[in-house]
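Going down the list, the protein sequences come from chains S and H. Heads up, the first sequence is in numbering that gives the first Met the number 0, so the first residue is 0 and it goes up one at a time. Heads up, the second sequence is in numbering that gives the first Met the number 0, so the first residue is 0 and it goes up one at a time.
Because the hints were derived from the structure by calculation, they are not lab data. Hints are not guaranteed to be accurate.
[Stated by the list, open to error] Facing chain H, a subset of chain S residues (Cβ under 8 Å, in silico): (1) N166; (2) A251; (3) A316; (4) A319.
Heads up, the beta-carbon is just placed ideally off N, CA and C, and yes, glycines get one too.
Chain by chain, the residues run as shown.
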Amino acid sequence: MNADAISNDLYGMQQVLAEQGHDVRLFAQNSLTTEHEIGPATEIKNFLASRDDLLIYHYSMGWDFGLDLVRELNCRTAIKYHNITPPEYFVGYSKDYENVCRHGRLQIKDIAQANCDLYLSDSEYNSWELLLEGVDKSKSFVVPPFHQVDNLNRVAPDEAVLDSYVNGKTNILMVGRVAPNKGHATLIRSLAVYRAEYDPDAQLLIVGRVPDQLETYAESLQQLIQSLKLEDAVIFTGGVSDEQLKAYYLAADFFMLASEHEGFCVPLVEAMAMKVPIITCASSAVPSTVGKAGLVWKERSPYLLAESVNFLANDDATRAALGVRGRRRYERSFTNEMIATAFLQALASISCI
Amino acid sequence: MNRVAIVVQRCHESIVGGSESLAWHYATVLREIYDVDILTTTALDTRDWANTLPEGRQSRDGVTIRRFHVTQGRTPYWSSLLIRLYRDLDRVRVPDAEPGARFAPLPWTIGLQEEFIRTQGPYSASLMRFLRERWSDYRAVIFTTYLYPTTYFGLFEVPKRVALITPTLHDEPTAYLSAYKYAARRARSAIWLTEAERRVGLKLWGELPGTVVSMSLDTATRQRDPAREERPYILYCGRIDPNKGCIELFNYFIEFKKMHPSDLRLVLTGKDDIPVPDHPDVDFRGFVDDEEKLRLMAGAKLFVMPSGNESFSIVTLEAMAQRAPVLASGVTEVLVDHINESGAGLIYRDYESFAGALNELLSDEARLAKMGEIGRQYVMAKYASPERVRNLLLVAVESCAEAISTVGTGSL
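Turn these sequences into a full structure, and let the hints guide you.
So, in structure tokens, the structure goes:
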């Protein structure tokens with residue numbers, strides 16, 4: 000099963016550091032993977048015994064144990080800040096998510112003032128949040144998350160997905176977990192406008208799992224879909240394999256994202272690497288990830304998004320050129336090689352490599 | 000800076016292939032003016048593009064060949080994509096359409112098309128890096144043949160102003176992938192082999208700046224070897240491959256012999272990618288050197304070209320230069336043009352027209368001799384002058400060197 004963005008960042012860091020000859024181990028409070036060896040967080044203190052050791056804490060939610068670690072450990076410490084979804088998005092859907100996000104956002108100040116040796120951020124947007132909470136600029140580095148694009152390039156796409164969706168219908172793709180900050184309702188409304196005005200066969204493919212406890216959010220989307228009579232046009236795939244994910248990207252005419260909050264958004268990088276033209280709205284970290292390689296609108300309007308699809312659908316050359324711009328942005332800014340260089344440079348600033 | 004690069008998928012003296020011959024021809028024509036580098040891969044075999052030759056530099060006849068490792072060869076996975084392509088193209092086929100308009104737009108995204116192009120091979124990451132980092136060493140980079148990743152992805156690595164493309168385009172299913180159209184537009188201009196090719200390009204890709212440069216051939220006459228070749232024969236030279244129409248040729252010839260017994264043979268030279276039928280009148284010679292090939296052409300009753308996938312057909316013109324009349328498949332516009340313009344042969348479209356043409360020509364020695372002569376005159380008039388090719392190439396290369404626009408490399 001395709002791993003989530005933070006896990007991929009973790010594995011990428013592990014690989015780069017192991018290649019440098021370091022003994023790298025992964026720890027977590029809970030782990031679902033069997034492919035990677037993940038130790039219980041309680042053993043971290045035993046592993047990091049020397050002052051020259053380094054803890055990299057991937058910070059993406061409220062976790063007292065994590066905060067205590069960075070405060071108490073005698074070794075060097077680095078934060079990798081993935082951002083934390085504001086809790087308001089989860090109100091009415093999940094009390095647990097709401098609490099853990101509220102807790103996480105309240106901890107940003109504590110993390111920022113824990114005087115860690117390094118503060119790595121996925122994006123400029125994330126780094127600004129830390130700087131505003133008092134992180135010293137000299138300790139702050141933007142290091143985009145490692146990702147699995149190389150793997151997507153390598154694997155063969157799932158044939159059944161290609162059979163189902165490479166069929167002449169316009170496919171609009173969204174990739175990401177089905178969570179309330181991701182703006183799915185806007186995507187669904189955009190599809191309704193586009194189908195009504197221009198292309199009654201167009202479909203929206205929503206790739207990503209529905210996290211436990213967010214079923215009510217998914218149900219609310221289903222109600223919207225029914226009210227707009229889009230039952231056959233919006234497809235929720237659930238979690239997918241790498242092969243399936245690749246096939247969805249290859250079948251996609253457009254990548255559309257209407258997220259209201261993103262700390263980086265790895266699927267944008269995947270879409271750029273796969274030359275899928277991007278249509279999105281400027282919120283949080285999205286503009287800095289997309290750069291000039293997509294259509295990025297200030298307003299989050301279903302009409303604007305639908306018109307964008309129509310414009311590009313009727314202009315092959317611009318559509319192809321946008322794909323090329325995306326690929327070039329990926330090659331110049333976001334390859335794993337480049338991320339490794341940025342990561343190692345940041346570590347070198349504290350003589351850690 | 001007096002260097003020109005020519006990018007081609009393979010380069011080795013043992014290779015029988017039109018675009019490879021063209022790349023080498025342009026290299027030898029240009030070497031008197033420029034230092035010419037051929038940028039290619041270590042592959043020899045089109046079936047898998049395996050890394051066979053050593054990586055690195057080699058000098059041959061005053062041309063530098065730089066070979067780069069293949070990172071993506073051809074695998075069964077690509078074959079499954081090819082089957083998918085044919086199946087999906089079949090759904091958008093336009094009946095009775097002319098070349099360049101046989102299929103409506105295919106609903107394949109650029110991503111899926113590029114997956115097809117890349118896994119077709121040969122894709123070389125190190126060649127791409129070399130182009131990205133070293134293009135400014137060259138006055139021009141000439142990408143030879145549109146089809147392969149060396150050209151397709153290479154065009155994204157160099158600025159438009161230094162990129163020239165020799166498409167060697169013809170009306171084949173893959174030419175309908177729109178990704179190729181956008182790639183071709185990344186070149187400053189196109190170098191066409193024939194007017195027919197340019198017409199197909201216009202239909203498939205739209206208007207592109209470019210010139211019909213063509214190529215020059217070895218036209219010195221050879222003598223047939225009467226001692227070795229007592230029995231009359233018709234000749235085919237080239238890859239023995241279904242894409243070259245060889246299966247139809249075998250079937251038609253064997254059927255013809257059944258219906259019209261005689262001592263006529265079918266002689267074939269080249270690489271057998273499919274088995275040659277075991278038949279007493281089918282004589283497969285394998286790979287022969289150029290001299291032997293031209294001697295065989297000089298001695299042939301007819302040269303037969305069954306391929307529907309030709310953008311120029313070097314061997315057909317070489318045979319014409321040796322006074323061999325031509326019996327050609329009418330599928331490819333360029334062959335029809337060669338025959339119609341010269342009058343040096345006949346076209347067939349099915350078994351009946353194949354057998355009819357063969358009977359008609361073989362029974363009239365005087366007509367055969369006349370056709371042979373006008374075929375030679377046609378080639379001498381159009382394809383005998385390396386100076387003409389050199390001058391036209393020189394204009395194309397120098398237009399790159401003089402260009403000041405830098406479209407295609409703007410930063411994001």
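Taking the hints in turn, this is what the structure says about them:
| no. | hint | in the structure |
| --- | --- | --- |
| 1 | N166 | 7 Å, holds |
| 2 | A251 | 6 Å, holds |
| 3 | A316 | 7 Å, holds |
| 4 | A319 | 4 Å, holds |
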